[in-house]
Amino acid sequence: MSAQWPQLLYSLLVCFGSGTLAFLGISEVTASAHRSRKAVAIAAALLLLLGGVALVVSRGDINAVISMMNGATRGNFKSLAIVGTILSLFVAIAYTIVIFRADSYADEDEDADTGTAGKILGIIALIFGIALPVLMGLADAPVRVPWTKWAAPLAYLGNALAMGGTLAVSIIALGKSEIREFSRYSLLALVAVALQTAFFAIFAGNAGFAFDALTFWGGVVVIGCVIPLVCMAMAPKIRTLVFVATIGTVIGGICIRLLMQALAAGNPGLNLIFAATQHASLVG
Amino acid sequence: MRNCLVIDLDRCTGCDSCVAACKHENNVSLGIYWNRVNVVGPSGEWPRIEGYWLPTQCQQCENAACEAACPTGATYRDEKYGLILIDKEKCIGCQSCIEACPFGARTYNEELNIVEKCTCCVQRLDAGEKPACVHNCCTGARLFGDLDDPESDVAKAIAAAGEENIHWLPDAYGASPRTCYILHASTATWKELA
Chain C
1 MSAQWPQLLY
11 SLLVCFGSGT
21 LAFLGISEVT
31 ASAHRSRKAV
41 AIAAALLLLL
51 GGVALVVSRG
61 DINAVISMMN
71 GATRGNFKSL
81 AIVGTILSLF
91 VAIAYTIVIF
101 RADSYADEDE
111 DADTGTAGKI
121 LGIIALIFGI
131 ALPVLMGLAD
141 APVRVPWTKW
151 AAPLAYLGNA
161 LAMGGTLAVS
171 IIALGKSEIR
181 EFSRYSLLAL
191 VAVALQTAFF
201 AIFAGNAGFA
211 FDALTFWGGV
221 VVIGCVIPLV
231 CMAMAPKIRT
241 LVFVATIGTV
251 IGGICIRLLM
261 QALAAGNPGL
271 NLIFAATQHA
281 SLVG
Chain R
1 MRNCLVIDLD
11 RCTGCDSCVA
21 ACKHENNVSL
31 GIYWNRVNVV
41 GPSGEWPRIE
51 GYWLPTQCQQ
61 CENAACEAAC
71 PTGATYRDEK
81 YGLILIDKEK
91 CIGCQSCIEA
101 CPFGARTYNE
111 ELNIVEKCTC
121 CVQRLDAGEK
131 PACVHNCCTG
141 ARLFGDLDDP
151 ESDVAKAIAA
161 AGEENIHWLP
171 DAYGASPRTC
181 YILHASTATW
191 KELA
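Taken in order, these protein sequences are the chains called C and R. What the first sequence shows, in the working numbering, is residues 1 to 284, in sequence order. What the second sequence shows, in the working numbering, is residues 1 to 194, in sequence order.
Incorrect hints may have been included.
If you only want the chain R side, here are some residues facing chain C, beta carbon under 10 Å, derived [stated by the list, open to error]:
# : residue
1 : Ala-68
2 : Cys-91
3 : Ala-161
Every beta carbon over 10 Å from chain R, so not counted as near; a handful from chain C, in silico [unchecked claim]:
# : residue
4 : Ile-26
5 : Ile-97
6 : Ile-127
7 : Phe-211
One-sided excerpt, in silico: chain C residues whose CB lies under 10 Å from chain R [to be verified]:
#  : residue
8  : Asn-63
9  : Ala-64
10 : Met-68
11 : Ser-104
12 : Ala-265
No wet-lab data here; the hints were simulated from the structure. By construction, the Cβ of each residue, glycine as well, lies at the ideal position given by its N, Cα and C atoms.
Whenever a hint applies, use it, and build me the whole structure from the sequences.
So, in structure tokens, the structure goes:
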């Protein structure tokens with residue numbers, strides 16, 4: 001089976017957006033990186049919106065997406081992930097509106113105060129930012145590969161935090177006004193990338209490392225984990241490396257999802273036997 | 001009510017009448033099969049060679065993974081017959097059920113963008129008839145009925161065959177398939193295909 005790109009992009013963009021949302025929540029809860037929050041909030045909202053577009057493209061029809069939410073009350077993870085995406089998008093948009101309003105009341109050299117509304121939305125953003133990749137992992141985990149039920153949500157969570165964290169640091173780096181925050185968030189993003197590496201290792205270990213070599217060793221290990229780890233470790237000295245780290249984690253995210261799709265497409269033993277032994281039919 | 005197919009492999013000759021009947025009755029598109037007849041074997045050493053035909057279709061699982069995987073509720077357990085069916089109006093062709101089915105019993109109809117599978121010819125059941133594959137089986141190998149009704153054809157066949165001669169497809173994920181196969185060791189040894 002060839003890669004299902006719209007489906008893959010939906011999962012990737014939503015996890016990217018939710019990871020960014022989680023870092024937005026961290027900045028609000030810890031009252032740090034004030035000046036980069038607006039851009040981070042816009043980035044999170046855009047990524048979640050693009051993820052939604054990819055979902056509609058993958059299903060080919062908005063009505064199909066609406067139908068897919070029917071299973072939410074039955075606890076269907078695909079349905080819950082869509083509901084979670086919509087709610088997260090609302091949170092990101094609401095926070096963007098709050099911070100724009102706060103900005104309009106603040107003086108030019110003063111940090112905008114988002115108040116109680118900002119704090120509450122920040123906490124919700126943090127919770128959704130962590131919960132949504134877990135839901136997405138549960139939705140993408142192939143039913144016939146039982147260990148993916150817990151390993152996929154971990155891998156997706158690690159990847160979401162790594163992508164979101166490195167993007168947040170990139171935005172802070174572009175702002176150039178928060179040098180102290182840059183060091184602090186670089187360290188946080190480094191922890192996120194390390195977490196991603198550990199969760200990817202657990203995932204690969206369970207699969208017995210039986211993956212397409214180029215996708216796994218090249219895409220996931222080298223580009224997705226090793227390069228971002230090195231870049232984030234060196235980022236306090238060479239700032240531009242955070243952009244390389246962001247691109248690396250995104251490529252790692254694409255590759256881990258390709259491997260997930262390959263696992264899902266893998267025929268169960270029974271089908272393989274049937275395919276090999278199917279009696280030549282006289283009809284159709 | 002636990003309606004399902006029971007297939008007597010001692011009688012099955014692999015003639016494919018069930019496959020033809022299914023396609024004819026349900027207007028199944030070219031290249032798509034709701035049921036198939038598979039060959040198991042030959043195995044053993046000369047002169048003790050054995051083999052059997054293994055017809056497969058939706059196994060009407062008790063814990064149907066397809067039903068849980070369907071995000072739209074298109075796959076459901078029908079109340080009238082207790083069968084797992086697909087509501088074509090609700091199916092969006094996402095193929096989550098195909099991915100979930102441990103028996104490869106479902107097929108994607110690209111033309112209609114829906115997933116299809118054996119319905120046990122529910123339209124014939126409504127008319128008081130047996131599924132087309134059961135009706136057209138030349139050797140009477142295919143039976144349909146309620147496992148909970150001791151007077152049904154399937155319950156009687158299972159009781160007559162004896163516990164040691166009743167088999168199920170491998171159930172690696174706890175799906176508990178209802179469809180069972182009757183195969184006596186005198187015909188061939190049941191092969192666990194997992």
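field: Numbers of unmet hints, in rising order
entry: 3, 11
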